Amino acid sequence: GAVVSQHPSRVICKSGTSVKIECRSLDFQATTMFWYRQFPKQSLMLMATSNEGSKATYEQGVEKDKFLINHASLTLSTLTVTSAHPEDSSFYICSALARSTDTQYFGPGTRLTVL
Amino acid sequence: GNSVTQMEGPVTLSEEAFLTINCTYTATGYPSLFWYVQYPGEGLQLLLKATKADDKGSNKGFEATYRKETTSFHLEKGSVQVSDSAVYFCALRYNFNKFYFGSGTKLNVKP
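Protein sequence lines correspond, in order, to chains A and B. The first sequence lines up with residues 441 to 555 when you count with the working numbering. The second sequence lines up with residues 2 to 112 when you count with the working numbering.
Calculated directly from the structure, the hints in this document are not laboratory data. Just so you know, not all the hints are guaranteed correct.
Unchecked claim - With a straight-line cut-off of 30 Å between C-alpha atoms, the simulated DSSO-like cross-links for lysine-lysine are:
#1 A/K506 - B/K99
#2 B/K50 - B/K61
#3 B/K69 - A/K504
#4 B/K78 - B/K61
#5 B/K57 - B/K107
#6 B/K99 - A/K481
#7 B/K107 - A/K481
#8 B/K78 - B/K107
#9 A/K506 - A/K454
#10 B/K50 - B/K111
#11 A/K454 - A/K481
#12 B/K61 - B/K107
#13 B/K53 - B/K78
#14 B/K111 - B/K57
#15 B/K99 - B/K69
#16 A/K495 - B/K111
#17 B/K111 - B/K78
#18 B/K111 - A/K481
#19 B/K61 - B/K111
#20 B/K99 - A/K460
#21 B/K78 - B/K50
#22 B/K53 - A/K481
#23 B/K53 - B/K111
#24 A/K504 - B/K57
#25 A/K504 - B/K78
#26 A/K460 - A/K481
#27 B/K50 - B/K99
#28 A/K460 - A/K506
#29 B/K53 - B/K107
#30 A/K506 - A/K495
#31 A/K481 - B/K50
#32 B/K50 - B/K69
#33 B/K69 - B/K111
#34 A/K504 - A/K481
#35 B/K53 - B/K99
#36 B/K99 - A/K495
#37 B/K69 - B/K107
#38 B/K99 - A/K504
#39 B/K53 - B/K69
A quick note: this is a predicted structure, and the numbers were derived from the prediction, not measured.
Please construct the entire structure, taking both the sequences and the accompanying hints into account.
Printed below as a string of structure tokens:
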């Protein structure tokens with residue numbers, strides 16, 4: 441089946457620094473990717489929809505200047521958490537939409553810890 | 002608005018027991034409904050889906066029926082195996098592939 445990878449799988453950073461998370465569709469092209477955030481024992485919360493070659497669409501309450509999304513190619517989307525603070529610590533998950541099957545494939549997630 | 006509510010876990014069963022994980026939803030319009038499964042250390046995988054009322058999704062012995070009258074999409078399996086131990090997420094899809102997820106239910110199956 442289709443595979444989506446995320447890198448890094450875990451990252452620890454200091455407060456005030458920026459962290460970039462990559463999401464790649466390995467064997468299919470994805471014009472649309474999604475970024476989610478998951479808190480412990482809670483559901484995945486959609487943060488933004490990333491469209492190749494255009495600006496991302498952010499959900500209500502998500503700061504676009506805080507969470508920068510770039511979808512530069514049909515197989516890569518990046519999420520940059522700028523000036524990270526401890527409250528940004530979370531599990532970030534991306535998914536990619538395979539149009540041929542109308543199915544979303546999810547990455548394994550990235551655990552961000554901000555000290 | 003849209004939301005998904007699923008039963009809290011963890012659910013602990015013995016092998017070959019019957020499984021039900023409840024899921025109810027609220028939505029405007031007619032969403033598609035999904036169950037995803039997340040095995041330890043892996044990403045979410047689509048388990049089954051149903052796109053309209055009364056549809057039954059099934060896969061790997063699991064099944065769920067889209068019940069519009071009760072706004073439910075309960076997951077069932079007649080005989081669970083140890084390998085079914087995972088976290089199960091109920092989800093609805095709306096508005097160009099946006100998903101609302103439930104909080105997940107962890108299933109532990111003991112031999």
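Now the hints, each set against the structure:
This hinted pair checks out: A/K506 and B/K99 have alpha carbons roughly 21 Å apart, not beyond 30 Å. Of the pairs offered as hints, the one joining B/K50 and B/K61 holds, with about 13 Å between alpha carbons and a cut-off of 30 Å not exceeded. Restraint check: the Cα-Cα separation between B/K69 and A/K504 comes to about 36 Å, which exceeds 30 Å; the hinted pair is violated. Of the supplied pair hints, the one linking B/K78 and B/K61 holds, its CA atoms being roughly 9 Å apart against a limit of 30 Å.
Straight-line distance between C-alpha atoms of B/K57 and B/K107 comes to about 23 Å, which keeps the hinted pair within the 30 Å bound. Taking the CA atoms of B/K99 and A/K481, the gap is about 21 Å. The hint holds against a cut of 30 Å. Proximity of B/K107 to A/K481 is assessed by CA-CA distance (about 10 Å); at most 30 Å being required, the pair is judged to hold. For a cut-off of 30 Å, the pair hint linking B/K78 to B/K107 stands: about 15 Å separates their Cα positions.
Simply put, A/K506 and A/K454 have alpha-carbon atoms about 16 Å apart, close enough for the 30 Å limit, and the pair holds. As the CA atoms of B/K50 and B/K111 are separated by approximately 27 Å, the hinted pair is consistent with the 30 Å bound. As the CA atoms of A/K454 and A/K481 are separated by approximately 25 Å, the hinted pair is consistent with the 30 Å bound. Among the hinted pairs, B/K61 with B/K107 is consistent with the structure: their alpha-carbon atoms are about 18 Å apart, no more than 30 Å.
Restraint check for B/K53 and B/K78: satisfied, since their Cα atoms lie roughly 21 Å apart, inside the 30 Å limit. Simply put, B/K111 and B/K57 have alpha-carbon atoms about 28 Å apart, close enough for the 30 Å limit, and the pair holds. A distance of roughly 20 Å separates the Cα atoms of B/K99 and B/K69; the hinted pair therefore holds under the 30 Å criterion. Among the hinted pairs, A/K495 with B/K111 is inconsistent with the structure: their alpha-carbon atoms are about 47 Å apart, more than 30 Å.
Between B/K111 and B/K78, the direct Cα distance comes to roughly 15 Å. Compliance with the 30 Å bound is thereby established for this hinted pair. Using a Cα cut-off of 30 Å, the hinted pair B/K111 and A/K481 holds, with the two alpha carbons roughly 22 Å apart. For the hint linking B/K61 to B/K111, the alpha-carbon distance of about 19 Å falls within 30 Å, and the restraint holds. Distance hint between B/K99 and A/K460 is fulfilled; the C-alpha atoms sit about 23 Å from each other, no more than 30 Å.
Restraint check for B/K78 and B/K50: satisfied, since their Cα atoms lie roughly 15 Å apart, inside the 30 Å limit. About 29 Å separates the Cα atoms of B/K53 and A/K481, which keeps this hinted pair within 30 Å; it holds. Restraint check: the Cα-Cα separation between B/K53 and B/K111 comes to about 35 Å, which exceeds 30 Å; the hinted pair is violated. Between A/K504 and B/K57, the direct Cα distance comes to roughly 39 Å. Violation of the 30 Å bound is thereby established for this hinted pair.
Annotation: proposed proximity of A/K504 to B/K78 is violated, straight-line Cα distance about 42 Å (limit 30 Å). Straight-line distance between C-alpha atoms of A/K460 and A/K481 comes to about 24 Å, which keeps the hinted pair within the 30 Å bound. Straight-line distance between C-alpha atoms of B/K50 and B/K99 comes to about 15 Å, which keeps the hinted pair within the 30 Å bound. Under the criterion of a C-alpha separation no larger than 30 Å, the hint pairing A/K460 with A/K506 is consistent with the structure, at around 12 Å.
This hinted pair checks out: B/K53 and B/K107 have alpha carbons roughly 27 Å apart, not beyond 30 Å. For the proposed pair A/K506 and A/K495, the alpha carbon gap of about 15 Å is at most 30 Å, so the pair holds. In summary, the hint linking A/K481 to B/K50 is supported, as the alpha carbons are separated by about 23 Å, within the 30 Å threshold. Taking the CA atoms of B/K50 and B/K69, the gap is about 14 Å. The hint holds against a cut of 30 Å.
Under the criterion of a C-alpha separation no larger than 30 Å, the hint pairing B/K69 with B/K111 is inconsistent with the structure, at around 34 Å. Using a Cα cut-off of 30 Å, the hinted pair A/K504 and A/K481 holds, with the two alpha carbons roughly 25 Å apart. At roughly 17 Å between alpha-carbon atoms, B/K53 and B/K99 fall within 30 Å of each other, so this suggested pair holds. Restraint check: the Cα-Cα separation between B/K99 and A/K495 comes to about 17 Å, which is no more than 30 Å; the hinted pair holds.
In summary, the hint linking B/K69 to B/K107 is supported, as the alpha carbons are separated by about 25 Å, within the 30 Å threshold. Among the hinted pairs, B/K99 with A/K504 is consistent with the structure: their alpha-carbon atoms are about 18 Å apart, no more than 30 Å. Annotation: proposed proximity of B/K53 to B/K69 holds, straight-line Cα distance about 9 Å (limit 30 Å).
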